[in-house]
Amino acid sequence: MALLSVRGLKTHFSTEDGPVRAVDGVSFHVDKGEVLGIVGESGSGKSVTSLSLLRLIPEPPGKIVAGEMLFESSPGTNEDLARATEARMQKVRGDRIAMIFQDPMTSLNPYLRVSEQLCEVLELHRKMKRPEARQKAIEMLRAVGIPAPELRIDDHPHQLSGGMRQRVMIAMALLCEPDLLIADEPTTALDVTVQAQILELIQDRQKALGLGVILITHDLGVIAKMADRVAVMYAGRIVEEGPVDAIFDDPRHPYTLGLKASIPRLDAGRGSSLVPIPGMPPSLARLPPGCPFHPRCSFAVARCKEVYPEEREIAGPGGRHLVRCHVDVASAPAAREAS
Amino acid sequence: MAAANPAVTGTIDTLEKGSSLGRDAVRRLAKNRAAVVAAVVLTALVLACILVPSLSHWRYDQADLTTGPTPPSWAHWMGTDYFGRDLMARVFFGGRISFAVGLFATLVSFFIGITWGGVAGYFGGKIDAILMRIVDVLYAIPFFIIVILLMVFFAGQEGPLFKAFRSVLAVFVKHPEDPSYFPIFQILIVFAALGGISWLTMARIVRGQVIALRGQPFVEAARSIGAGHAALIFRHLLPNALGPIIIYTTLTIPEVMMTEAFLSFLGLGTQEPLSSWGLLAATGADSMDLYPWTLIFPALMLAISLFCFNFLGDGLRDALDPRIRKD
Amino acid sequence: MSAEPLLQVRDLEVHFAVKRGLLQRTVGTVKAVDGVSFDVAKGTTLGLVGESGCGKSTTGRALLRLVEPTRGSVHLGGVDLGKLGTGDLRRARRRMQMIFQDPYASLNPRMTILDTVAEPLGIHGLVKTPRERLERVAHLMETVGLEPGYMRRYPHEFSGGQRQRIGIARAIALSPELVVADEPVSALDVSIQAQIVNLLAQLQSDLGLTYVFIAHDLAVVRHLSREIAVMYLGRIVERAPAEELFLRPAHPYTQALLSAIPIPDPKIERKRRRLVLVGDVPSPLNPPSGCHFHTRCPYVMDRCKTEEPELLVRGEGHMAACHLDTLPEIGIAG
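Residue numbers (numbering that gives the first Met the number 0), protein chains in the order written: chain P, 0 to 338; chain G, 0 to 326; chain Y, 0 to 333.
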């Protein structure tokens with residue numbers, strides 16, 4: 000049984016411009032010990048998905064309008080997080096499912112010392128007393144690679160560098176040994192050498208604790224490094240999903256193809272060209288009919304403007320590889336070259 | 000540059016206008032019911048103040064000692080005051096004075112504040128430090144005391160300021176010694192004094208805005224294309240600082256009107272015959288157990304105006320909120 | 000390359016005084032740029048890379064005198080920019096322009112696109128009639144791939160990628176020779192970045208522009224640059240032709256940067272050998288002694304703590320500042 004199984008999740012927002020279908024029918028699962036990478040750009044719905052999992056969507060204007068999120072909170076029992084009460088969610092957050100965010104400066108309380116923020120988690124979920132909690136927190140800081148943790152623990156967030164703050168966030172997330180870690184763009188705001196350190200840390204802790212991880216990012220390189228399976232999101236839906244090797248070796252959705260062709264690669268030879276995806280991501284308040292990618296798609300046919308594509312399975316080694324597209328890009332001629 | 004492309008030239012003949020931030024703000028303001036009602040009421044009040052005293056067949060200074068003070072009746076909708084003068088005409092005339100004080104004193108504070116704060120914020124460094132330390136010191140001074148001292152010792156009919164005023168007046172009129180010029184002088188003093196108090200906060204606000212904007216990339220971009228000080232200040236900084244400035248100005252007007260009313264209670268505001276609402280209310284308060292309407296009507300008008308300005312100011316603050324920055 | 004380089008920078012320094020207290024006493028100095036020298040040949044691109052605090056953005060601004068250099072010189076086409084008075088500097092700005100990082104904040108929200116793109120033309124008296132103004136702006140908009148019919152719209156009505164195109168239109172309006180691009184694609188979505196990078200390449204070849212391309216992403220820089228300079232804490236630690244830098248990096252920091260950037264190919268990622276640095280980027284307020292990089296360098300020797308290494312030649316057009324003569328090789332792709 001999967002650690003987390005999401006089916007048909009829909010999260011909509013009511014805005015001045017009308018309803019925004021930020022997440023519009025998303026299904027995926029994460030197993031214990033595996034890393035699921037969710038890749039997408041701004042407006043794809045990836046962040047809203049992760050916030051929905053922990054029911055952190057602000058109730059007006061947002062709302063989970065459909066779907067179930069089955070989480071194995073204890074061996075053998077599933078609960079639907081979409082229907083859980085707020086009281087139950089508060090027990091789950093930080094304890095069974097933990098989340099780390101992009102900007103550690105704003106996700107750590109600037110007025111509280113590190114010790115207070117870490118101990119709070121343990122006092123809340125494990126009913127620990129302060130001295131015991133403090134010891135555990137120091138050990139965790141050491142485990143995430145912070146030098147002299149018994150001194151650093153009394154610092155305020157602004158006294159630490161970006162990389163250190165992110166480590167503190169990871170420490171905070173792992174204190175209660177959760178089953179699932181959701182990492183929403185954890186390294187986007189960091190320098191690239193620090194990013195490498197943090198990604199190594201997440202990989203290391205994940206293997207050590209057997210965590211399930213949902214890693215959300217826009218960076219295909221990070222996905223290639225970290226993920227076991229990948230879900231590609233566009234305009235609120237998952238357009239392609241599969242094992243990481245399949246996604247990179249045999250991408251079947253025009254958007255995935257377009258992304259691969261357009262990102263500069265460190266190992267690309269001189270004179271290789273970037274083939275951009277023409278046009279812009281659609282506004283979620285005014286989605287085009289049919290497949291939302293069709294205005295930018297070089298493989299689009301008439302059907303794409305009318306009907307939203309169903310899921311189709313692609314044969315291949317490794318796990319299930321699914322794609323939502325009317326066209327079989329492996330055999331179809333493209334209107335334009337895409338490598 | 001290449002020769003004109005006819006397809007392009009065709010397009011530029013029929014350009015569609017975009018929706019400016021100003022227009023978006025007005026649209027948002029229009030959706031705010033309280034602000035719209037406030038604006039309508041204020042407009043009605045201002046119109047009444049302009050029209051009623053001219054159109055009414057009772058003059059605001061027309062005394063009738065035989066009638067004396069009478070409660071509201073068909074002849075006098077708001078009744079009459081101690082000297083038999085029609086209260087409604089007096090109240091709406093007083094409105095002219097109160098609004099004038101509010102407007103002009105705010106204008107004084109607006110101009111001084113923008114210049115002071117703008118210069119401090121734009122040039123920074125020592126200039127900023129000196130200008131703002133002066134503001135800090137002035138802030139600490141209890142202004143009412145200064146105004147009171149000013150009015151009592153320097154703004155009297157024998158005082159030096161009035162003498163100076165008369166010499167300036169002599170350039171324009173034939174009989175500067177005419178005592179009826181004194182109330183005009185008085186009211187100018189009130190404008191200046193009240194404006195002189197409220198510019199301090201305006202200066203701080205403008206300075207804060209200018210400093211925040213100065214670091215913005217679009218200002219740097221303007222410098223990089225060669226824009227000089229004037230272009231930077233008038234095309235880039237001030238238009239973008241306007242939001243909070245407008246809000247604060249709208250909220251300064253009622254503050255000033257209230258201060259003037261307070262001064263009137265002390266007898267230091269405007270004087271007869273240019274009696275503001277504050278003065279009318281003060282006079283009415285003296286006899287409020289006998290002739291309550293002489294207090295109620297002017298006080299009511301003042302209260303309604305203050306309410307409306309504050310609702311409008313709040314509405315403006317919401318409408319001008321820069322959450323439109325990122326899509 | 001016998002022709003004079005268009006841009007010549009020598010020993011450029013930008014130091015900021017840190018002031019504290021009521022009397023604003025100077026308590027420290029941030030050496031944001033600490034002795035930077037390079038040349039850029041006409042029509043080519045120099046990529047300037049480094050992480051936060053390395054001084055690349057400040058260098059870019061100092062080139063245009065948007066920030067005043069404390070020492071050193073910048074020569075554009077033989078003219079010493081540092082010696083120009085206000086009027087001459089304004090005229091000189093016609094030859095050098097900047098593209099900014101943040102597409103949301105680099106356009107005045109209260110000005111229409113027409114006004115924004117036409118502003119440089121107006122300041123330098125390049126358009127005489129309103130009609131001419133409209134035509135020039137329409138042409139510029141077309142050049143950068145924007146619909147000219149939108150010129151009376153306001154920035155907030157456009158997407159990030161479109162706003163960046165507007166910024167580019169403004170930058171080329173004066174037909175400059177040099178364009179400093181400060182992280183022009185970092186704030187854009189991945190699928191849009193390629194559009195803008197391609198646009199910049201196109202403009203370079205069509206208009207003969209010379210670029211200083213500032214970025215933290217080496218992969219992006221590779222596409223446009225002939226030469227790349229790597230900065231760390233205010234100094235250039237390595238400078239080489241682009242391909243040479245990727246194949247034979249001669250400085251441990253460059254190696255670490257190359258090693259840290261993930262490659263979108265899981266098979267390669269699994270095989271790669273890592274050079275993961277220890278510790279964080281030091282603060283520019285308090286840089287380490289000797290070689291600034293020694294606190295994080297995997298090959299650190301005693302000499303590195305006290306002696307600042309010179310930029311020495313390592314190959315054709317290839318300079319590096321390191322006490323080690325040759326580095327152990329770790330290929331980019333394992």
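Any given hint could turn out to be false.
To be verified - Below are the DSS-like pairs computed for lysine-lysine, each with C-alpha atoms no more than 30 Å apart in a straight line:
no.	chain 1	residue 1	chain 2	residue 2
1	Y	Lys266	G	Lys125
2	Y	Lys270	G	Lys16
3	P	Lys128	P	Lys62
4	Y	Lys266	Y	Lys304
5	P	Lys62	G	Lys30
6	Y	Lys127	G	Lys125
7	P	Lys90	P	Lys31
8	P	Lys304	P	Lys31
9	P	Lys128	P	Lys304
10	Y	Lys270	G	Lys125
11	P	Lys126	P	Lys9
12	Y	Lys18	P	Lys259
13	P	Lys90	P	Lys128
14	P	Lys206	Y	Lys266
15	Y	Lys270	P	Lys259
16	Y	Lys82	P	Lys31
Because the hints were derived from the structure by calculation, they are not lab data. Computed from a prediction, not measured in an experiment: that's the story for all the values here.
These are the hints, each one checked on the structure:
1. For the given pair, Y/Lys266 sits about 60 Å from G/Lys125 by alpha-carbon distance, which is inconsistent with the 30 Å threshold.
2. Annotation: proposed proximity of Y/Lys270 to G/Lys16 is violated, straight-line Cα distance about 56 Å (limit 30 Å).
3. About 37 Å separates the Cα atoms of P/Lys128 and P/Lys62, which puts this hinted pair outside 30 Å; it is violated.
4. With a CA separation close to 39 Å, the supplied pair Y/Lys266 and Y/Lys304 exceeds the 30 Å bound.
5. A hinted pair counts as satisfied when its Cα atoms are at most 30 Å apart, and P/Lys62 with G/Lys30 qualifies at roughly 25 Å.
6. Proposed proximity of Y/Lys127 and G/Lys125 is contradicted: the alpha carbons are some 41 Å apart, above 30 Å.
7. The hinted pair formed by P/Lys90 and P/Lys31 meets the criterion: a straight-line CA distance of about 20 Å does not exceed 30 Å.
8. A distance of roughly 39 Å separates the Cα atoms of P/Lys304 and P/Lys31; the hinted pair therefore is violated under the 30 Å criterion.
9. Between the alpha carbons of P/Lys128 and P/Lys304 the distance comes to roughly 61 Å, so the proposed pair goes past 30 Å and is violated.
10. Between Y/Lys270 and G/Lys125 the alpha-carbon distance is near 59 Å, which puts this suggested pair outside the 30 Å criterion.
11. In summary, the hint linking P/Lys126 to P/Lys9 is not supported, as the alpha carbons are separated by about 35 Å, beyond the 30 Å threshold.
12. Proposed proximity of Y/Lys18 and P/Lys259 is contradicted: the alpha carbons are some 49 Å apart, above 30 Å.
13. Taking the CA atoms of P/Lys90 and P/Lys128, the gap is near 18 Å; set against the 30 Å cutoff, the hint holds.
14. Restraint check: the Cα-Cα separation between P/Lys206 and Y/Lys266 comes to about 19 Å, which is no more than 30 Å; the hinted pair holds.
15. Restraint check for Y/Lys270 and P/Lys259: the C-alpha separation of about 20 Å stays at or below 30 Å, so the hint holds.
16. Straight-line distance between C-alpha atoms of Y/Lys82 and P/Lys31 comes to about 66 Å, which puts the hinted pair past the 30 Å bound.
Of the hints listed earlier, those the structure fails to meet are numbers 1, 2, 3, 4, 6, 8, 9, 10, 11, 12 and 16, in rising order.
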